[in-house]
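There are 2 protein chains.
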Amino acid sequence: MPSYRAPVDDTLFLLNDVLQYQRFSGLKGFADVTPDVIAQILAEAGKLCEEVLAPLNQSGDANGCRRDADGAVRTPAGFREAFAAYAGGGWIGLPVPEEYGGQGLPFTLSTPMSEYASAANMAFAMYPGLTQGALAALLTHGSDEQKRLYAPKMAEGRWTGTMNLTEPQCGTDLGLLTTKAVPRADGGYSITGQKIFISAGEHDLAENIIHLVLARIEGAPAGVKGISLFIVPKVLVNADGSLGQRNGVSCGSIEEKMGIHGNATCVMNYDGAQGFLIGEPNRGLNAMFVMMNEARLGVAIQGLAQSEVAYQNALAYAKERLQGRALTGPKDPDKKADPILVHPDVRRMLMEIKAFNEAARGLTLAAALDSDVVHRSPDAAARQAAEDRLGLMTPVLKGVLTDLGFDNAVKAQQVFGGHGYIREWGMEQFVRDARIAMIYEGANGIQALDLVGRKLPRDGGRAIMAFFKDAGELLQSHGDKEAMKPFVAPTQAALGDLQKASMWLMQNAMAKPDNAGAASYDYMHLLGRVALALMWVKIAAAAIEKKAREPEQAARMDAKLVTARFYMERMLPETGLRLARIVTGADTMMSLPADMF
Amino acid sequence: MPSYRAPVDDTLFLLNDVLQYQRFSGLKGFADVTPDVIAQILAEAGKLCEEVLAPLNQSGDANGCRRDADGAVRTPAGFREAFAAYAGGGWIGLPVPEEYGGQGLPFTLSTPMSEYASAANMAFAMYPGLTQGALAALLTHGSDEQKRLYAPKMAEGRWTGTMNLTEPQCGTDLGLLTTKAVPRADGGYSITGQKIFISAGEHDLAENIIHLVLARIEGAPAGVKGISLFIVPKVLVNADGSLGQRNGVSCGSIEEKMGIHGNATCVMNYDGAQGFLIGEPNRGLNAMFVMMNEARLGVAIQGLAQSEVAYQNALAYAKERLQGRALTGPKDPDKKADPILVHPDVRRMLMEIKAFNEAARGLTLAAALDSDVVHRSPDAAARQAAEDRLGLMTPVLKGVLTDLGFDNAVKAQQVFGGHGYIREWGMEQFVRDARIAMIYEGANGIQALDLVGRKLPRDGGRAIMAFFKDAGELLQSHGDKEAMKPFVAPTQAALGDLQKASMWLMQNAMAKPDNAGAASYDYMHLLGRVALALMWVKIAAAAIEKKAREPEQAARMDAKLVTARFYMERMLPETGLRLARIVTGADTMMSLPADMF
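Protein sequences appear in the order of chains A and B.
Be aware that the first sequence starts at 1, since it is given in the UniProt record's numbering, and climbs by one per residue.
Be aware that the second sequence starts at 1, since it is given in the UniProt record's numbering, and climbs by one per residue.
For reference, chain A alone in the conformation it holds in the complex (with noise of 0.2 Å):
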């Protein structure tokens, strides 16, 4: 059986030395999280992660979720539990306001958690996940009285939430929703319609669940400006917070699919179900957009922890299995072979797994300090540059973490062999529960498209000058630091790729919108390789500090600067590939008649 440890030193590591998360002690609710009392709830998070969710992650997806013949949905065995523990260690309320029943602690501290979680048993942690996007959502656009009556049930768990976008005609273009939401005299809506692939839809963790619904309030105009966004809630909520009526909103049947079974995906139809409105009329997806950024970080966050997991486990085998000699003569002569770790080729998918975690984890925790930021401070600039940065990265994180993800799942996998292959081993569920993530909450094209057609043109361009502003101020400031030239050096050539790409959009996808369609999944890996680059950079620094203040850490910032080296030797030269790719243009991408494919 699989096993896993939370990488709480590694996150500690990341938010103290590297990102330095003290310079944020002015933010709301940064104020008492001293080093100690964040290694203190690390510590926590990780031992319900690895003792609790953990060893419910190969049965949950043995067993899957049952759809009763009345539409209540049964989660597999134990998961009731381990929400109930889940819920009752105050973890999803963790960076909710205190007056809507959460602990008020950073958004920054939540973070960890779900990597740990996902990387647990990521079915079950969709269940509070969504719950903390649809929390967001109401707590930015909800009414008082709405947050007031949802919120704090929400934050504790007693009630979960779910986000429902999708229609059988439409997935991503949203234009095309057809859910109808009629006025009622009581000032609520009835809604009507079937959404599909509702991740948490319905099961029995809960008492109640409070479905975000898009919806088009009838006379609404067409298109994506006619879509509003309601609660409806699985069970009608009395003014005083109590259990009404059952609304008339149901399951009509669980999807099968390649993975993540121990989550009930559902189809729901809505039948005249109580809805009320939040925010304004035909400003839905705005509202909505609030989720989906969250929920995005969220499935970034899934890549990185399907990615870990299976990483430890492909270590632990490789220092297991005994099978040929190191091609340097026998490391373990009395043993009858030695372990595969001394094989290079089973190093190199260990090395391009544990150099993507590491970065990848830092590019995490440094967006969630950013939607702090954005949240909590009171400087207008620096908020502002937050946002910028943040929603620049977003759709960088959620396709190049989840694409990277899966691959190195499967590269895990890889090291098994053949046992790689066979259930019981579990990598193959790691392959298989990775897989969604590059698809739900914007399939990575779609972010990609994101990225090119809105992000890095919004404002003139803001937030990408910027980055490469802050890139450049970086490598400058190690510029002349001898130790740092292995990771300053390669850094600077792979940025000066993304800036030649950036350009080349600049000048040639106006005239030729195709141009941006399809350089815009190459551009967001670029972006993403990177970024990841910039991290290491950091980390680099980091671990060369840290070194020579304490000696007794020594061989483990020793193993961060290999590493860091063989990102920049062997993974960041993919930059080059990228932006030949970019410069081709659309032209052979779109030639082809349809016929002739």
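Simulated from the structure, these hints should not be mistaken for lab results.
Warning: the hint list may mix true and false statements.
One copy or two, either will do: identical chains are not told apart, so a pair holds if it fits within one copy or between any two.
[Unchecked claim] Lysine-lysine pairs mimicking DSSO-like chemistry, simulated, CA-CA at most 27 Å apart:
id	residue 1	residue 2
1	LYS180	LYS335
2	LYS331	LYS225
3	LYS319	LYS47
4	LYS469	LYS481
5	LYS225	LYS336
6	LYS512	LYS335
7	LYS469	LYS225
Dock chain B against chain A, hints included.
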């Protein structure tokens, strides 16, 4: 439900126009195979795969194989009838000499059937595929008596075959093999031990199963030099060919796997089973390599096959699914949205798959022709050259076609968005099935080591030198044609990368073998990309000629030229990245201590 159409026209174009199959009419079995005959045979092959095998693919996956308490294994519903049709059509014995019950036709004609069958139903196709591999080993190394006794029934499909190498402690490292062979008074051997991961190890498709089993004769040397190969029939065969007693071999369990559920992957227990030595004692690996090389080519074809069937379904979906509008304005203004084939990033995925499939198919057919030359040419020099090419290309095709085949199945699944993750659409099965091809018959890392450690240095580098010479001549022969420049120039540059990488290996791998190990995977992919480019050069040249000769083919040939350009512009530049990785050497890969990962 997914569908499949055998790409017969493309196979014919490759055989007739690109590879000019008619050149080989002097070889045994080739004379009567005119273009009309080939077309007829492939049409029949396609029909069987489309109408009989493909409809059983999804149900075979859903239902899998069942083992009864007595060790008998039942294949999924319909497999028995399908196998009878496959065997009855003479497809297993197609390349087998007539004296052993076959049709004596070229192996090259058997290869398209392997592709079509693997695309239509990979789990099914393994039953005849393994039988063909076992037959090849038997015909090469068996005694006349053994061939007479076993081969005709196998060619007929009344009996099937397996290969038994792996044991729990012994995968790649066959030196660790412990299955014992004890000589019996009657000249046979008594075989005892456990084999795992035995595909088609037990089933209900045939009257008998001929297991080829690696075992160690009592007192034989340790390591790989003490391994012998045995025939161990499930049911003992009397001298007159009739079936005798049940032998002491049985299926202990079947594995729960990620995919290929329709094929029984068995733990086989040999308990004093009667075995019959094939070839010389202690020379078993030598005999098994015949089977393994054929099997590796077969697995390469599985990679291509899954890529092809996944492509066909993704293309159909991209034409049907309406979502969003073309970036250049509505293509289908009367409908609510355009088909997603208008989006550049959807086309990117499809073009990447298409540009792989067509050239990869060419490479499998070229390898099959080489195999026919090796076995049938009267010209010793031609045989030697073909054997060198085949030896060099077998690990490359196995590693690269299965890696990219899997990547392509993942891409095709991505085209479906959320529906790609749902079982009923069938795309996730292609991904799960394709995954095993990267692992079995030698994991792809082992292929890379075989290439760099054995195939490159063998005979003073004769094979790779011949590869460079052939490539240089091909490019020179087209170098002065204006229409060929877009293909010749990039291929020349990529060939330069391969030459640099080869030179670097010569200079750096002798003194430091880890450099070879660290470079091996990238070198395999670098060589694979160049081989695909060379095939595209041949395809482009043939397309230009055909277009001039047969104007009615112009649109189809123009599509080939666009696809060739796409390959050159967007896929071939990867050679530069591979070279950059190779020349960094082994340092960062090897320097981390085991406890610092």
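For this session: Up to 27 Å between alpha-carbons, please classify LYS469 paired with LYS225: within, between, both or neither.
Result: neither (36 Å within a copy, 63 Å between copies)
For this session: If the cutoff is 27 Å on CA atoms, where do LYS225 and LYS336 land: within, between, both or neither? Let me know, please.
Result: Between. Shortest inter-copy distance 15 Å satisfies the 27 Å Cα cut-off; intra-copy 69 Å does not.
Exercise. Is the C-alpha distance from LYS469 to LYS481 at most 27 Å within one copy, between copies, in both cases, or in neither?
Worked result: within (20 Å within a copy, 48 Å between copies)
For this session: Go through the copies and call it for LYS331 and LYS225: within, between, both or neither, with a Cα cutoff of 27 Å.
Result: between (67 Å within a copy, 22 Å between copies)
Problem set entry | Homomeric proximity label, LYS180 with LYS335: Cα distance no greater than 27 Å | Cα proximity of LYS180 and LYS335: across copies only (21 Å, versus 70 Å in one copy).
Problem set entry | Within, between, both or neither: LYS512, LYS335 at alpha-carbon 27 Å | between (64 Å within a copy, 24 Å between copies)
For this session: First find the shortest C-alpha distance between LYS319 and LYS47 inside one copy, then the shortest across copies, and answer within, between, both or neither for a cut-off of 27 Å.
Result: within (24 Å within a copy, 49 Å between copies)
The earlier numbered hint that this structure contradicts is number 7, and it is the only one.
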